[in-house]
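Asks: We have chain A; now place chain B onto it with these hints.
Chains as they are written, first to last, in the numbering used here: chain A, 1 to 114; chain B, 1001 to 1112.
Hints are computed from structural coordinates only; laboratory data are not their basis.
Errors might be hidden in some of the hints.
Said to hold, decoys possible - 20 Å max Cα-Cα, derived DMTMM-like pairs, lysine to aspartate or glutamate:
#: 1; chain 1: B; residue 1: Lys1071; chain 2: B; residue 2: Asp1049
#: 2; chain 1: A; residue 1: Lys42; chain 2: B; residue 2: Asp1049
#: 3; chain 1: B; residue 1: Lys1042; chain 2: A; residue 2: Asp86
#: 4; chain 1: B; residue 1: Lys1042; chain 2: A; residue 2: Glu68
#: 5; chain 1: A; residue 1: Lys83; chain 2: A; residue 2: Asp63
#: 6; chain 1: A; residue 1: Lys57; chain 2: B; residue 2: Asp1098
#: 7; chain 1: B; residue 1: Lys1042; chain 2: A; residue 2: Glu3
#: 8; chain 1: B; residue 1: Lys1099; chain 2: A; residue 2: Glu53
#: 9; chain 1: A; residue 1: Lys42; chain 2: A; residue 2: Glu85
#: 10; chain 1: B; residue 1: Lys1099; chain 2: A; residue 2: Glu44
#: 11; chain 1: A; residue 1: Lys78; chain 2: A; residue 2: Asp62
#: 12; chain 1: B; residue 1: Lys1099; chain 2: A; residue 2: Glu56
#: 13; chain 1: A; residue 1: Lys78; chain 2: A; residue 2: Glu68
#: 14; chain 1: B; residue 1: Lys1099; chain 2: A; residue 2: Asp62
#: 15; chain 1: B; residue 1: Lys1099; chain 2: A; residue 2: Glu68
#: 16; chain 1: A; residue 1: Lys42; chain 2: B; residue 2: Glu1039
#: 17; chain 1: B; residue 1: Lys1042; chain 2: A; residue 2: Asp62
#: 18; chain 1: A; residue 1: Lys42; chain 2: B; residue 2: Asp1098
#: 19; chain 1: B; residue 1: Lys1056; chain 2: B; residue 2: Asp1031
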Amino acid sequence: EPEVTQTPSHQVTQMGQEVILRCVPISNHLYFYWYRQILGQKVEFLVSFYNNEISEKSEIFDDQFSVERPDGSNFTLKIRSTKLEDSAMYFCASRVGYSNSPLHFGNGTRLTVT
Amino acid sequence: GESVGLHLPTLSVQEGDNSIINCAYSNSASDYFIWYKQESGKGPQFIIDIRSNMDKRQGQRVTVLLNKTVKHLSLQIAATQPGDSAVYFCAEISYNTDKLIFGTGTRLQVFP
Chain A
1 EPEVTQTPSH QVTQMGQEVI LRCVPISNHL YFYWYRQILG QKVEFLVSFY NNEISEKSEI
61 FDDQFSVERP DGSNFTLKIR STKLEDSAMY FCASRVGYSN SPLHFGNGTR LTVT
Chain B
1001 GESVGLHLPT LSVQEGDNSI INCAYSNSAS DYFIWYKQES GKGPQFIIDI RSNMDKRQGQ
1061 RVTVLLNKTV KHLSLQIAAT QPGDSAVYFC AEISYNTDKL IFGTGTRLQV FP
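Next comes chain B alone, as it looks inside the complex:
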């Protein structure tokens, strides 16, 4: 039978509301961060990135906030749509490695 995977934190939001997905990272040497969206059966899809010398970056309907003091990253999605339903991963990399490390992921469910 199927193996049981990790229990993903789930965020349920109503269509049109704003979503905030949070991520804690552990490596204080990490200096580049990326948010990915993964839909069922697909690979991680790049959403937005941020460098450690910034604390905020905005894209289309998305904003990433970085708090290096508490090693916290968040992804804000404005006016959430059904197509935003997916698993969202934060990922980090430090300048002296070539190894992007993924977090556990958060499942976003958008209901009408």
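Chain A on its own, in the form it takes in the complex:
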């Protein structure tokens, strides 16, 4: 069964550094998402992306965050200057269509900012 894959599984970085989290969505999916989950808390929406542009974003997704689909298979989340509070699990998701189709999630990247 096709799945969303994310790399790396764990990223450790120093405060102020830039990080790029990578995702390969399911190949025939058209809608892409990033979510995050702080340890022990619920899964929070960051951004949705369709047709090479952001369709919605949350208040968490400020100017320090950006997303890109650089080619036909990858979808990336960049954090320009990481803060301690960015430490979390980051999940990529994709879905085939807009309405009434479920999001399929990857297993996440654990980001630790020291």
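Replies: Structure of chain B alone, referenced to chain A:
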């Protein structure tokens, strides 16, 4: 040290019993609902979904019930197994957004 997360409601059931996990949602405009299972160290895994024009949907060992009048969703798991132990999240989305919103989650513990 580790941060303290939200206290998750916990449901403890004996192996072989049926489990019912409940969820209240707040947005009356939500028209599509999904249940996810999250095991430790993994991403949310799709279990079952339901549209707002339905009130019940069945899958393999799972049933979702939707009561739009009181904005309540439930997940029933038949013959619960140890492998069902996980955190279960309901999630909702409305037709005019592309933003799936997760609930707080319920931890299901299955004991022999």
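Asks: For each hint, tell me whether it holds in the structure or not.
Replies: Quick rundown of the hints versus the structure:
1. The hinted pair formed by Lys1071/B and Asp1049/B meets the criterion: a straight-line CA distance of about 15 Å does not exceed 20 Å.
2. This hinted pair checks out: Lys42/A and Asp1049/B have alpha carbons roughly 19 Å apart, not beyond 20 Å.
3. Proximity of Lys1042/B to Asp86/A is assessed by CA-CA distance (about 19 Å); at most 20 Å being required, the pair is judged to hold.
4. In summary, the hint linking Lys1042/B to Glu68/A is not supported, as the alpha carbons are separated by about 24 Å, beyond the 20 Å threshold.
5. The suggested pairing of Lys83/A with Asp63/A holds, with an alpha-carbon distance near 13 Å, which does not exceed 20 Å.
6. A threshold of 20 Å between alpha carbons decides the hint, and for Lys57/A with Asp1098/B the separation of about 9 Å falls inside it, so the pair holds.
7. For the proposed pair Lys1042/B and Glu3/A, the alpha carbon gap of about 13 Å is at most 20 Å, so the pair holds.
8. A threshold of 20 Å between alpha carbons decides the hint, and for Lys1099/B with Glu53/A the separation of about 15 Å falls inside it, so the pair holds.
9. Only pairs whose Cα atoms come within 20 Å are accepted, and Lys42/A paired with Glu85/A is accepted, the gap being roughly 15 Å.
10. Using a Cα cut-off of 20 Å, the hinted pair Lys1099/B and Glu44/A holds, with the two alpha carbons roughly 10 Å apart.
11. For the given pair, Lys78/A sits about 11 Å from Asp62/A by alpha-carbon distance, which is consistent with the 20 Å threshold.
12. Taking the CA atoms of Lys1099/B and Glu56/A, the gap is about 7 Å. The hint holds against a cut of 20 Å.
13. Proposed proximity of Lys78/A and Glu68/A is supported: the alpha carbons are some 8 Å apart, at most 20 Å.
14. Between the alpha carbons of Lys1099/B and Asp62/A the distance comes to roughly 17 Å, so the proposed pair stays at or under 20 Å and holds.
15. Among the hinted pairs, Lys1099/B with Glu68/A is consistent with the structure: their alpha-carbon atoms are about 18 Å apart, no more than 20 Å.
16. Of the pairs offered as hints, the one joining Lys42/A and Glu1039/B holds, with about 13 Å between alpha carbons and a cut-off of 20 Å not exceeded.
17. Using a Cα cut-off of 20 Å, the hinted pair Lys1042/B and Asp62/A is violated, with the two alpha carbons roughly 26 Å apart.
18. Distance check on the hinted pair: Lys42/A and Asp1098/B sit about 18 Å apart at the alpha-carbon level, within 20 Å; holds.
19. Restraint check: the Cα-Cα separation between Lys1056/B and Asp1031/B comes to about 14 Å, which is no more than 20 Å; the hinted pair holds.
In this structure, the earlier hints numbered 4 and 17 are contradicted, and the remaining ones agree with it.
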